[in-house]
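Enquirer: Here's the letter readout for the chains.
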Amino acid sequence: MTRQLFKLHINDRLHEIEADPGMPLLWVLRDLIGLTGTKYSCGIGACGTCLVHIDGKAVTSCTLPVADAAGRHITTIEGLSDTGDHPVQRAWRDERVPQCGYCQSGQIMAAAALLAETAAPDDNDIDRAMSRVLCRCGTYPRVRRAIQRAAHDQGDAPS
Amino acid sequence: MSGPFDMTRRQFIKLTAATTGGLTLGFTLPGCGRNGATPAGEAVFRPNAWLAISRTRGVTVFLAESEMGQGVMTSIPMLIAEELEVSLDAITIERAPLSEEFGSQSTGGSTSVRQGWDVLRRAGATARMMLIAAAATKWAVPVAECRAENGAVVHAPSGRQFSYRELCDDAARQPVPAEVTLKQPEQFRLIGSNPLPTDCVAKTTGSAIFGIDVNVPGMLVATIRHCPVFGGRLARLDESRARQVPGVRHVVVIESGVAVVADHFWAAKQGADALTIEWDEGPHATLDQGAIFARFAALAESDAGEIVREESAPAAPAVQTLRAVYEAPFQAHATMEPMNCTAYVHDGRCEVWVPTQSPSAAQEVAAAEGLSRPREFLNKLRRKIDRAPLQDVQVNTTLLGGGFGRRLDQDFVAEAVQISKAVGAPVKLIWTREEDIQHDHYRPATYNRLTASLDASGNIVSWEHHIVGDSLGKSSGGATHLPYPMPNFRVRFSQADHPVPVGSWRSVGHSQNGFIVESFIDELAAAARQDPYHFRLKLLAQSPRAAAVTKLAAEKAGWGSTGPGNRHQGIAYASCFGSHVAQVAEVSVDTQGGVRVHRVVCAVDCGIVVNPDTVRAQLEGGIIFGMTATLKGAITIGKGRVQQANFHDFPLLRMDETPLIDVHIVPSTEAPGGIGEVGVPPIAPAIANALYVATGVRVRKLPILPADLITS
Chain L
1 MTRQLFKLHI
11 NDRLHEIEAD
21 PGMPLLWVLR
31 DLIGLTGTKY
41 SCGIGACGTC
51 LVHIDGKAVT
61 SCTLPVADAA
71 GRHITTIEGL
81 SDTGDHPVQR
91 AWRDERVPQC
101 GYCQSGQIMA
111 AAALLAETAA
121 PDDNDIDRAM
131 SRVLCRCGTY
141 PRVRRAIQRA
151 AHDQGDAPS
Chain F
1001 MSGPFDMTRR
1011 QFIKLTAATT
1021 GGLTLGFTLP
1031 GCGRNGATPA
1041 GEAVFRPNAW
1051 LAISRTRGVT
1061 VFLAESEMGQ
1071 GVMTSIPMLI
1081 AEELEVSLDA
1091 ITIERAPLSE
1101 EFGSQSTGGS
1111 TSVRQGWDVL
1121 RRAGATARMM
1131 LIAAAATKWA
1141 VPVAECRAEN
1151 GAVVHAPSGR
1161 QFSYRELCDD
1171 AARQPVPAEV
1181 TLKQPEQFRL
1191 IGSNPLPTDC
1201 VAKTTGSAIF
1211 GIDVNVPGML
1221 VATIRHCPVF
1231 GGRLARLDES
1241 RARQVPGVRH
1251 VVVIESGVAV
1261 VADHFWAAKQ
1271 GADALTIEWD
1281 EGPHATLDQG
1291 AIFARFAALA
1301 ESDAGEIVRE
1311 ESAPAAPAVQ
1321 TLRAVYEAPF
1331 QAHATMEPMN
1341 CTAYVHDGRC
1351 EVWVPTQSPS
1361 AAQEVAAAEG
1371 LSRPREFLNK
1381 LRRKIDRAPL
1391 QDVQVNTTLL
1401 GGGFGRRLDQ
1411 DFVAEAVQIS
1421 KAVGAPVKLI
1431 WTREEDIQHD
1441 HYRPATYNRL
1451 TASLDASGNI
1461 VSWEHHIVGD
1471 SLGKSSGGAT
1481 HLPYPMPNFR
1491 VRFSQADHPV
1501 PVGSWRSVGH
1511 SQNGFIVESF
1521 IDELAAAARQ
1531 DPYHFRLKLL
1541 AQSPRAAAVT
1551 KLAAEKAGWG
1561 STGPGNRHQG
1571 IAYASCFGSH
1581 VAQVAEVSVD
1591 TQGGVRVHRV
1601 VCAVDCGIVV
1611 NPDTVRAQLE
1621 GGIIFGMTAT
1631 LKGAITIGKG
1641 RVQQANFHDF
1651 PLLRMDETPL
1661 IDVHIVPSTE
1671 APGGIGEVGV
1681 PPIAPAIANA
1691 LYVATGVRVR
1701 KLPILPADLI
1711 TS
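Chains L and F, in that order, give the protein sequences. Just so you know, we're using my numbering here: the first sequence kicks off at 1 and counts up by one. Just so you know, we're using my numbering here: the second sequence kicks off at 1001 and counts up by one.
Worth flagging that the hints you see were computed from the coordinates, not collected in a lab. Keep in mind it's a predicted model, so treat the numbers as computed, not measured. We put the CB at the ideal spot given by N, CA and C, even for glycine. Possibly wrong hints are sitting among the right ones.
Partner residues aside, some chain F positions facing chain L, computed with beta carbon under 8 Å [said to hold, decoys possible]:
hint	residue
1	Cys-1200
2	Gly-1206
3	Thr-1276
4	Glu-1281
5	His-1284
6	Ala-1334
7	Met-1336
8	Thr-1432
9	Arg-1433
10	Ser-1462
11	Asp-1613
12	Glu-1620
13	Asp-1656
14	Thr-1658
If you want the ones that stay clear, here's a sample from chain F, every Cβ over 12 Å from chain L, calculated [as the list claims (entries may be wrong)]:
hint	residue
15	Asp-1170
16	Gly-1192
17	Leu-1275
18	Val-1589
19	Phe-1647
20	His-1664
Starting from the given sequences, assemble the full structure and let the hints guide the process.
Expert: Written out as structure tokens, the structure is:
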């Protein structure tokens, strides 16, 4: 477990960090870089709370070794938009989705990745993409509505 | 500071006692509010504990409740802002200090809005009247010509106005009004509306700070391994491999386990994985679920135990008697944010940063563990708090990534403080998910023997419920006071000690007894050959609010219509935390016993509603939380330990299993009821009762598994 130097492209900034190659990206983000918007909950890739985008795909950062993230485009909740106004974030506020809020970074990142791939997801698309992200408060009905709203708003936006 | 606000403590308590019924939410005092960020020497109008107005900061509300998703960061300021006539976004919200004026701070029991309803509106109205009086004095006009509006006092005839910031010095010199006029419901502009929750932007941008996000200069990060067997302890430890993990700084043995302290969490976790620990498993090493329930069953068959409540009255003769046994398992809270606490013990002081439901209890624990102060049992309402042992202990309460009762217990605070004390540095202790699931304070398991008799018309003439478990207080809610007339009524409780720690779990006793009572009521309806909805409605004739929500849920669900395919309905009602809730679940069962809940219709009467959207969100969430315990999993014990460890074997309900949920609120001007917990109790029986219709199988044990529903 010798430390190595890694170049990470996170939210359009380059970070050079030294870490054990097996250290999960989650803890690199949280404890080495100070990006705490991405949360720890299960540590085994079973709850989706720690989702980030790797080259646009939603990936559980708690099981992704930092070595596998190097050289790829990493986006965290902090980098999803400059001002917190990504259509998904706006829809999340319009639908009043968060309760305790702890899983919401993961929910939002999963939803944003879904909409980037499927502009007008149906209920099955939403179930498939979102059932990997657990919420103990039970915000699922609002998560669904917010995704539908964001899809609708995106569809209306001038391209 | 300007002169202290001119109100004696006695006056204030007198003013407030009438409205709180003696529930001592600590009060007042005056004047010298220490408002940290206010420039020295600047006047602060501090009419009461919750509210400060200053020239530079405007209006600050001090929040004494913990935000865990139930919305207190919005609903509590709304109560004050309504009467103060300010907009919600003009308020700065600060966590209330642990000071005498706030009394004991603990958030649980769905009490925040109920306790705050009168008191906080009065706090806002008192300030508003004093601000108006100050402006009227400055203009030398009658008070009646002035009104408060959007953070200012306006003199209507001349159109002049002063902002609250301009008035705070003068307001602080006004006498306290002897009588406070509160707005009438038809005058409300905020109460009953759905403003953007004050924490919503932070929670959608990743900037909300939970306990796990705390960062203190020089901080180390720790994780802990507890003995997996309850009641066990450390026998032997070889820490040599752990110390070789880069970044590991310390291995600390504390009373409850072994902590590895490192530069960051990953190193701490790798260090913990590298420990070689031999546990002395103690006297419970062979305890299992079967033994616990066998003992429960033996006690239930005896006439032992204490009678918790008993009533007897003349009744018509019984024509039939039903007997049944119901079982409820242990349940974990599984908050998405695992237990954590940051502590720094140094120079005779102790500071903690913690997501806790009870900052007061955290302070007490930190004082005892960090500073060896005598432990008083302070965390009791109506108890005079001796603050001396708590000096030098600062508690900073963060947002909570879920509470559900788990964060009423402060075991993780004690640990963080002990570890910081041992290493002499600030330490953030984070439990892994596995430790969190295996060392919870569980919803108590109970074994319940029920006997009830019906007369010829289907009235319940007698009801006896014998509860066996490890906590009377956490297992009797929802059993002792039922809405249905039962002339002969007895609830008995038998204490059965076990080493599995128990705690409060969202809706506490109601979480089990909702299932037990409403399922058995359904059995009685079937025995009386009556429709379960009409059976309830007839029995609830003398309880208009209960009858109304039951009727509303049934009507909105189209009770009695079969719906598409092989869908079946079940109904349940609960009265708890000052509110009334009824739910209709619509389910289908496949040939393998797989249950699909298609739709849940929920009606609630929670009195006057402060924030309707929060009410809906809490009921949606309560139903989903309750569905996890109904259909997904439970905590079981084998070889003295919890057999589940993470979300793969303690699964939570997922998006694709979530039904459509329709929430209907009964309009009301009654005093507010609680809302954070009331969604949970009716869902398990509504589903179980629907499954009975669907399959003919009466399931009397949670969780309901496919094998339970396959009839041979």
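Enquirer: Work down the list of hints and note, for each, if the structure agrees.
Expert: Tested hints:
Hint status for F:Cys-1200 relative to chain L: holds, with the closest Cβ pair at about 5 Å, below 8 Å. Because the closest C-beta pair between F:Gly-1206 and chain L is about 2 Å apart, less than 8 Å, the hint holds. Interface hint status for F:Thr-1276: violated, as the beta-carbon distance to the closest one in chain L is roughly 18 Å, over 8 Å. Annotation: F:Glu-1281 was flagged as interfacial toward chain L, and the flag is violated, the nearest CB pair being 25 Å apart, outside 8 Å.
Checking F:His-1284 against chain L by beta carbon gives a least distance of about 27 Å; that is not within 8 Å, so the hint is violated. A cut of 8 Å between beta carbons decides the hint on F:Ala-1334: the least distance to chain L is about 6 Å, and the hint holds. Against a cut-off of 8 Å between C-beta atoms, the interface hint on F:Met-1336 holds, since the closest Cβ of chain L lies about 4 Å away. Contact between F:Thr-1432 and chain L, as hinted, is supported at the beta carbon level, the nearest pair being about 6 Å apart and thus within 8 Å.
A hinted interface residue such as F:Arg-1433 counts as satisfied when its beta carbon comes closer than 8 Å to some beta carbon of chain L; here the least separation is about 5 Å, so the hint holds. Nearest Cβ of chain L to the Cβ of F:Ser-1462: about 38 Å, over the 8 Å cut. The hint is violated. About 5 Å separates the beta-carbon of F:Asp-1613 from the nearest beta-carbon of chain L, less than 8 Å, and the hint is met. Annotation: F:Glu-1620 was flagged as interfacial toward chain L, and the flag holds, the nearest CB pair being 5 Å apart, inside 8 Å.
Annotation: F:Asp-1656 was flagged as interfacial toward chain L, and the flag holds, the nearest CB pair being 4 Å apart, inside 8 Å. With a least beta-carbon distance of about 4 Å to chain L, the hint placing F:Thr-1658 at the interface is held under the 8 Å criterion. At roughly 38 Å, the least C-beta separation between F:Asp-1170 and chain L is larger than 12 Å, which holds for a residue marked as non-interface. Separation of F:Gly-1192 from chain L is adequate, the least Cβ-Cβ distance of about 15 Å exceeding the 12 Å criterion.
No Cβ of chain L comes within 12 Å of the Cβ of F:Leu-1275; the nearest lies about 16 Å off, and the non-interface call holds. Once the 12 Å rule is applied to beta carbons, F:Val-1589 is consistent with being away from chain L; the minimum gap is 20 Å. With 12 Å as the threshold on Cβ separation, the claim that F:Phe-1647 sits away from chain L is violated: the shortest Cβ distance comes to roughly 4 Å. No beta-carbon of chain L comes within 12 Å of the beta-carbon of F:His-1664; the shortest separation is about 15 Å.
Taken one by one, the earlier hints fail for this structure at numbers 3, 4, 5, 10, 19, listed in ascending order.
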